[in-house]
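**Q** Read top to bottom, the protein sequences are chains A and B.
This note's numbering puts the first residue of the first sequence at 3, with every later residue one more than the last.
This note's numbering puts the first residue of the second sequence at 368, with every later residue one more than the last.
Everything labelled a hint here was simulated from the structure, so no lab data went into it.
Note that the structure is a prediction, hence the values are computed from the model and not measured.
For glycine and all other residues, C-beta sits at the position ideal for the given N, C-alpha and C.
There may be inaccurate statements among the hints.
Unchecked claim - Calculated lysine to any residue pairs in the SDA-like style (CA-CA distance at most 25 Å, straight line): (1) A:Lys324 / B:Ser406; (2) B:Lys392 / A:Lys21; (3) B:Lys495 / A:Asn116; (4) B:Lys495 / A:Glu111; (5) A:Lys302 / B:Ser406; (6) B:Lys495 / A:Asn134; (7) A:Lys21 / A:Asn134; (8) A:Lys280 / B:Glu486; (9) B:Lys377 / A:Ala126.
Stated by the list, open to error - Derived coverage of chain A by chain B (criterion: at least 3 residues anywhere in the stretch with Cβ under 8 Å from a Cβ of chain B; other residues may be distant): (10) 33-42; (11) 141-155; (12) 317-326.
Said to hold, decoys possible - Computed spacing ranges between beta-carbons, pair by pair: (13) A:Ala126 / B:Lys463: 51 to 57 Å; (14) A:Glu10 / B:Lys392: 31 to 37 Å; (15) A:Ile223 / B:Pro412: 50 to 56 Å.
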Amino acid sequence: MQVTKKTEFKGFEKAVNLKPEEVIQVVKKSGLKGRGGANFSTGLKWEFTRKSPNPTKVVICNADEGEPGTFKDKLILTENPSIVIEGIAIAAYAIGAKFAYIYLRAEYEYLKENLEKAIEEYKAELDKIELNIDIVMGAGAYICGDETAIMNSIQELRGEPHAKPPYPVESGLCNYPTTINNVATLANVPLIMLDEWDDLRLYSLSGNLDSPGVYEMPLGITTKELIEKGTPKEEIKALFFGCAGGCLPYDPEMKLDVESVNEKGAMLGSCTVIAIGKSQSIPKICKNIAEFFVHESCGKCTPCREGNFRVLEIINKIVENKADEDDLNALEDLAIFINKTSLCGLGQASNTHIKTALKYFREEFTK
Amino acid sequence: MLRGRHIFDKGASKLLISRLRNIQKKEGYLSEENLKGVSKETKIPITRVYEVATFYSFFNVKKKGKHVIRLCNSPACLVNGSENILDIFEKLLGIKLGQTTEDGNFTLETTSCIGCCDESPAALVDEKAHTNLNEDKIKEIIEKCK
Chain A
3 MQVTKKTEFK
13 GFEKAVNLKP
23 EEVIQVVKKS
33 GLKGRGGANF
43 STGLKWEFTR
53 KSPNPTKVVI
63 CNADEGEPGT
73 FKDKLILTEN
83 PSIVIEGIAI
93 AAYAIGAKFA
103 YIYLRAEYEY
113 LKENLEKAIE
123 EYKAELDKIE
133 LNIDIVMGAG
143 AYICGDETAI
153 MNSIQELRGE
163 PHAKPPYPVE
173 SGLCNYPTTI
183 NNVATLANVP
193 LIMLDEWDDL
203 RLYSLSGNLD
213 SPGVYEMPLG
223 ITTKELIEKG
233 TPKEEIKALF
243 FGCAGGCLPY
253 DPEMKLDVES
263 VNEKGAMLGS
273 CTVIAIGKSQ
283 SIPKICKNIA
293 EFFVHESCGK
303 CTPCREGNFR
313 VLEIINKIVE
323 NKADEDDLNA
333 LEDLAIFINK
343 TSLCGLGQAS
353 NTHIKTALKY
363 FREEFTK
Chain B
368 MLRGRHIFDK
378 GASKLLISRL
388 RNIQKKEGYL
398 SEENLKGVSK
408 ETKIPITRVY
418 EVATFYSFFN
428 VKKKGKHVIR
438 LCNSPACLVN
448 GSENILDIFE
458 KLLGIKLGQT
468 TEDGNFTLET
478 TSCIGCCDES
488 PAALVDEKAH
498 TNLNEDKIKE
508 IIEKCK
């Protein structure tokens, strides 16, 4: 796996021999896109932050990996924390930041020590660019994976998101231009600087499988190539792309890339794939996901807070076999409404599973 | 109102969320008295301290058991039998989900995904992740915490 390579700050050394603008160009040209799910060009994000007029800049490493079914960042933070620190250092040098934060989710507290050790080990390198890296621990909130919510959480507020613009690259932490990158994104950066990088993704593969795990493969592979790695325990009928990405019937020939998954109404996001066996009930999984969103909705905007509550109410009826066609239609309407009117990405994606499940597995909802 | 460099100068350990974490670690939960203390010390209004304390799933403003068991409730754990694991916990602890044992030793909860999907079903017991759970492992966990 390339992200577990020990780069020992050699990528950083190469970077500081270039001008910051040149580092940005290298990253831009590489085509690296954000691994947190939004797929935005990392180089461009850095460029926007650097060009923002305020001279004080901030880097935040988003280690609030909360999307159910995702554990790629955990793998990196367990096996190669120093590559993340190196990535942060390169990002900070490129945009001109002296302050960096790692926002680590509470569930991963046992990984904090790894990061602290890596920061300590490379203290002399970080001092070269006068960079201070602090670790802020979360306290259990999925929404804090949202970049504006992370900032509020660090700023001693409730971890609620706010509408964009302003984007963090213009006005981020304490109103300073801020680059927020995912752990896996930053782990790719040293490899890019060393010219030892392939554009591979970390697929978090789980579900009814004998060998689930993180698999490093490019975008555009077929689902069969991925699922076979996981060795299905039983015939696979559906793939869930985390909780926010919705589900699709298992089609071995379907390509796993952003467009192909999007076209069918689901979202590939951070390459999370939960393979669901034939014996499982799709409405029951949807109920589980609806409970998740009711619990994790921050409550700031009404469609997400109240809408998801009603969604769960209807799904409970479905699972108890008390629902009729009107309920299904109401559910479908609600899903569209919540998607169109919610403030942030959480709310907007909170019903992708309903929309796709009703599209592809409707018969299971009327049984 | 909180815009400014003071966040940077403070250092992570002095941030509100970190203070609350530390208190909870020591005291087990965030009592009204403790929250008032934080407010006084930081000059952050008590309403905002309370707002933050009640926002996050891992903060408790009510006393909980000495050990908090958080069983993962993600789809990956669900399809690998987490419901059955919940039953076993309930049976062995003699409590229902959300309750605390009479001796105050355990609280049983579910939690959103803890990122152990390749070793499901899984649970966090305090800070530690326990994976590939089955009845024997659960007995062992409970025994060790006694």
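**Q** Can the stretch 317-326 of chain A be counted as covered by chain B under the rule of three residues or more with Cβ-Cβ separation shorter than 8 Å?
**A** It is violated: at least three residues are needed, and the stretch 317-326 of chain A offers just 0 whose Cβ sits closer than 8 Å to chain B.
**Q** Can the restraint linking B:Lys495 and A:Glu111 be considered satisfied, given a maximum Cα separation of 25 Å?
**A** holds (8 Å)
**Q** Please verify whether B:Lys392 and A:Lys21 have alpha carbons no more than 25 Å apart.
**A** Status violated; Cα separation ~45 Å.
**Q** The hint says 31 to 37 Å between A:Glu10 and B:Lys392; measuring C-beta to C-beta, is that right?
**A** holds (34 Å)
**Q** When you check the alpha-carbon spacing of B:Lys377 and A:Ala126, does it fall within 25 Å?
**A** holds (22 Å)
**Q** Tell me if the straight-line CA distance from A:Lys302 to B:Ser406 falls inside 25 Å.
**A** Roughly 24 Å between the alpha carbons, so the hint for A:Lys302 and B:Ser406 holds.
**Q** Holds or violated: are the alpha carbons of B:Lys495 and A:Asn116 at most 25 Å from each other?
**A** Satisfied, since the Cα-Cα distance of roughly 15 Å is no more than 25 Å.
**Q** Please verify the coverage claim for the stretch 33-42 of chain A: does it have three or more residues whose C-beta sits within 8 Å of some C-beta in chain B?
**A** Our answer is that it is violated, as 0 residues pass the Cβ test (under 8 Å) against chain B, missing three.
**Q** Is the hinted pair B:Lys495 and A:Asn134 satisfied, with a Cα-Cα distance of at most 25 Å?
**A** violated (28 Å)
**Q** With respect to the beta-carbon atoms only, verify the hint that A:Ile223 and B:Pro412 lie 50 to 56 Å apart.
**A** holds (53 Å)
**Q** Would you check the hint for A:Lys21 and A:Asn134, treating anything up to 25 Å between C-alpha atoms as holding?
**A** Between A:Lys21 and A:Asn134 the Cα gap is close to 20 Å, so the pair holds against 25 Å.
**Q** Can you confirm whether the C-alpha distance between A:Lys280 and B:Glu486 stays at or below 25 Å?
**A** holds (20 Å)
Hint compliance for this structure: hints 1, 2, 6, 10, 12 are not met, and every other hint is.
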